[in-house]
Amino acid sequence: MQLRFTPEEESFRRELRDFFTTAIPEEIRRRNEEGKQQWPDDVVTTTRILNERGIAVPAWPVEAGGQDWTPVQHHIWREEMSLNFVPDLLPFNAGMVGPVIAHFGNDAQKERFLPATRNLDLWWCQGFSEPEAGSDLASLKTRAVRDGDEYVVNGQKTWTTLGQYADWIFMLVRTDPDVKKQAGISFLLIDLDTPGIEMRPIQLIDGGHEVNEVFFNDVRVPAENLVGKENDGWTIAKFLLGNERSGIARVGYTKTKLARAKTLAAQITTPVGTLLDDPAIASRIADLENQLLALEVTQLRVVVGSSDGKPNPASSLLKLRGSELQQEAMELLADIAGADSLPVAGPDAADANGTADVLSPEWAQLSVPTYLNYRKVTIYGGSSEVQRQIIDKAVLGL
Amino acid sequence: MEFELSEEQALLRDTVRSALTNAYDVEKLRAVTDTELGWSRDVWRSLAEIGILGLVFREEDGGMGAGPEELSVVMTEIGASLAPEPLLGSVVVPGSLVARTADDTTRSEIVDGLSSGARLLAFAHNENRDRWPHAAVLTDGAATTATDGTITGVKTLVDHGDVADTFVVSAREADGTVGLYLVPADAEGVTVTPYRTHDRRRGAQVEFTGTPGTRLGEGDASQAITEVEIAAQSALCAEAVGAMSRALDLTTEYLKARKQFGVPLSTFQALSHRAADMYVQVELARSMSTYLTASLADGDYDPITASRAKLQICRSGRHVGQEAIQMHGGIGMTAEYPVGHYASRLTAISHTLGDADAHLAKLTGSVAEWKMVTVG
Chain A
0 MQLRFTPEEE SFRRELRDFF TTAIPEEIRR RNEEGKQQWP DDVVTTTRIL
50 NERGIAVPAW PVEAGGQDWT PVQHHIWREE MSLNFVPDLL PFNAGMVGPV
100 IAHFGNDAQK ERFLPATRNL DLWWCQGFSE PEAGSDLASL KTRAVRDGDE
150 YVVNGQKTWT TLGQYADWIF MLVRTDPDVK KQAGISFLLI DLDTPGIEMR
200 PIQLIDGGHE VNEVFFNDVR VPAENLVGKE NDGWTIAKFL LGNERSGIAR
250 VGYTKTKLAR AKTLAAQITT PVGTLLDDPA IASRIADLEN QLLALEVTQL
300 RVVVGSSDGK PNPASSLLKL RGSELQQEAM ELLADIAGAD SLPVAGPDAA
350 DANGTADVLS PEWAQLSVPT YLNYRKVTIY GGSSEVQRQI IDKAVLGL
Chain B
0 MEFELSEEQA LLRDTVRSAL TNAYDVEKLR AVTDTELGWS RDVWRSLAEI
50 GILGLVFREE DGGMGAGPEE LSVVMTEIGA SLAPEPLLGS VVVPGSLVAR
100 TADDTTRSEI VDGLSSGARL LAFAHNENRD RWPHAAVLTD GAATTATDGT
150 ITGVKTLVDH GDVADTFVVS AREADGTVGL YLVPADAEGV TVTPYRTHDR
200 RRGAQVEFTG TPGTRLGEGD ASQAITEVEI AAQSALCAEA VGAMSRALDL
250 TTEYLKARKQ FGVPLSTFQA LSHRAADMYV QVELARSMST YLTASLADGD
300 YDPITASRAK LQICRSGRHV GQEAIQMHGG IGMTAEYPVG HYASRLTAIS
350 HTLGDADAHL AKLTGSVAEW KMVTVG
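So the protein lines, in turn, are chains A and B. For the first sequence, numbering that gives the first Met the number 0 begins at 0 and goes up steadily by one. For the second sequence, numbering that gives the first Met the number 0 begins at 0 and goes up steadily by one.
Simulated from the structure, these hints should not be mistaken for laboratory data. Be aware that a few hints might be false.
Subject to a maximum C-alpha distance of 25 Å in a straight line, what follows is the list of computed DSS-like cross-link-like pairs (lysine-lysine) [said to hold, decoys possible]:
id, chain 1, residue 1, chain 2, residue 2
1, A, K35, B, K361
2, A, K35, A, K375
3, A, K179, A, K109
4, A, K35, A, K237
5, A, K237, A, K375
6, A, K179, A, K35
7, A, K392, B, K255
8, A, K228, A, K180
9, B, K370, A, K392
Covered stretches of chain B (chain A as the covering partner; in silico rule of three or more C-beta atoms under 8 Å from a C-beta of chain A) [what the hints assert, rightly or not]:
id, segment
10, 199-212
11, 274-281
12, 288-299
13, 305-319
14, 365-371
Built from N, CA and C at the ideal position, the CB exists for glycine as well.
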């Protein structure tokens, strides 16, 4: 048993930290720390800096621009990104469609898409969810009918995150309605400039615009944009979702939030000292820190145990607890803000995304919108209920 | 980073597991815990034979020279089987105090007796009204005191104090320091009042009235006591992980086997999702037990690390014990069925050397001292 990183791993960590803190512009990292990231520019800039250095997509196959890293090195890379407030890379490119094309795409697709996907010259969005098929992904209805060298796509996708910035969308479409629902699905790449596509924003409870509905009306897609074989889409989707779950615990990110909670609580005065002297608040922080530590050690157990390349069903535990702890950290920050969280904008409706010019600090004004936004993390990427179902079946055999 | 057991550790685990599995099922366990002794001398002998009783002691003293990891491996199996043999109370805790403080002759003699199973010690330390983390010798009039080598005072909640042939007693010296004394159980002025615990173990209250004792080492023993208690917390954490893990297994087996409304209970999502949450709690507990054990194996006896681990273990243990009973329904309430015994043992562990509230309070008190908590 050994719970320490090797000297080589420690120096790997230091190199990454030096790079992140010198190469990524300070103002980008500061904005990210304060929850005021500029979309899409901060992500694009960051991705291109990392790609230049060859570490934008370390999990991809080496021949596609990835790195031959150990699971522990991947873990350190992710953690140092979080701890140094480097913006998250676009998961649709780095974690989803890139690895899919690298594993299932043909040579022409690899050549056409991988370099642009890695460098974020192409911004991808995800067309999986549909209004009638939430967690039951295989129930999707969007049809793609082969017509000569093209597919004709009709249907609707929803919860398409950051689709407003996207150039292309990767889709699960039904290509055979007459077989078992998982068997008739294909994986298709679609240029969002194709006629017949309409993207509509969905406004969320935090006031922001982050997800969209996408409508497809007789959209003609070249058949060469099919990844893998027709009706093999479910295999690809499972591969993609397996990738998505790794790193989704976001332990490093939540650590920075708890550290921030502590700093802020120590700055807020009460009649008897600071808020950090209040045993109720201090105890909540200490408790969350400990739960996060338990998750971190568990994550390391999964990371180290996954060196044989097989997905570990315990990673569902990481998604489940990791998302809950992200939420609890946001809730804590909102509660530390207290009544100062009430104002979020000036009275003019046009200012809706700004902050009000009042004494309540900006972080406090941002705290509840962020808390509300983070209710999503136990819903996306396989809801907590889906993760429990996976544990029941794959781990406990129920 | 390495979390797997070494080959030797895995062998140790398998050996202990097979010894205890052969020794105990729930009926044999109840039969043994209903005796006056509360545990089995036969099992004790077999533990001695495979070297478990001498596990933590140096080879020069007649022990196995194993470390905290090996103790955790063994305690996990003890937890899984609910074996009532007093490895921790009669051997590891008092024996480690002797090993740390005694002169060569005494240490060698005591460790030899412990390793062979011939000797049973007990650590007489707790005093009435003295809750963790202040579980040291009191400083007021109620304290056990040592005056010119004679001990006077009352020690409560002495783990397996009913059978000890020798006590390791902590006492407040005239100069305010804490000393440790060896006191034979049959010495003059020793009164032992035995009791049973809710988890079917044994203990005693022990009163010393002008009892002569032999001082172990010189100087203040507080640091030795603290470190041995941290080692004991680590052992209890590992035992709890074994118990939780088995309680979860029993529960999942039951959910699959038991039918209600014509279908297995496991088909009810309201239950299966709660089983998933039990699994999460068991694994988080396993992680934190590992965290503490690895820290001790590095020679780092940090009370904060111990509190971190014990807090998680107390929380997980409470959750798993309660849910295991609930999901079994009425059968979980019966003494004939093991699951309730696991809940009882987990509760006892949560109340030993600090409960969740006490450990959280300790962490809360120092929360401003670090920016963030991190591994490695």
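Outcome of the hint check:
1. Simply put, K35/A and K361/B have alpha-carbon atoms about 36 Å apart, too far for the 25 Å limit, and the pair is violated.
2. For the hint linking K35/A to K375/A, the alpha-carbon distance of about 18 Å falls within 25 Å, and the restraint holds.
3. Restraint check for K179/A and K109/A: not satisfied, since their Cα atoms lie roughly 30 Å apart, outside the 25 Å limit.
4. With a CA separation close to 33 Å, the supplied pair K35/A and K237/A exceeds the 25 Å bound.
5. Between the alpha carbons of K237/A and K375/A the distance comes to roughly 21 Å, so the proposed pair stays at or under 25 Å and holds.
6. With a C-alpha separation of about 45 Å, the suggested pair K179/A and K35/A falls outside the 25 Å cut-off, and the hint is violated.
7. For the hint pairing K392/A with K255/B, the CA-to-CA distance comes to about 12 Å; that is within 25 Å, so the pair holds.
8. A distance of roughly 16 Å separates the Cα atoms of K228/A and K180/A; the hinted pair therefore holds under the 25 Å criterion.
9. For the hint pairing K370/B with K392/A, the CA-to-CA distance comes to about 39 Å; that exceeds 25 Å, so the pair is violated.
10. Here's how the segment 199-212 of chain B fares: 0 of its residues keep a CB closer than 8 Å to some CB of chain A, so the rule of at least three is not met and the hint is violated.
11. Here the segment 274-281 of chain B counts 5 residues with a CB under 8 Å from a CB of chain A, which clears the bar of 3, and the coverage holds.
12. Coverage of the segment 288-299 of chain B by chain A holds [criterion: at least 3 residues with CB-CB distance below 8 Å; count 7].
13. Against chain A, the segment 305-319 of chain B contributes 3 residues with a C-beta closer than 8 Å to a partner C-beta. That satisfies the three-residue criterion, and the hint holds.
14. Given a C-beta distance limit of less than 8 Å, the hint that chain A covers the segment 365-371 of chain B holds, as 4 residues qualify and 3 suffice.
In summary, the numbered hints that this structure violates are 1, 3, 4, 6, 9, 10.
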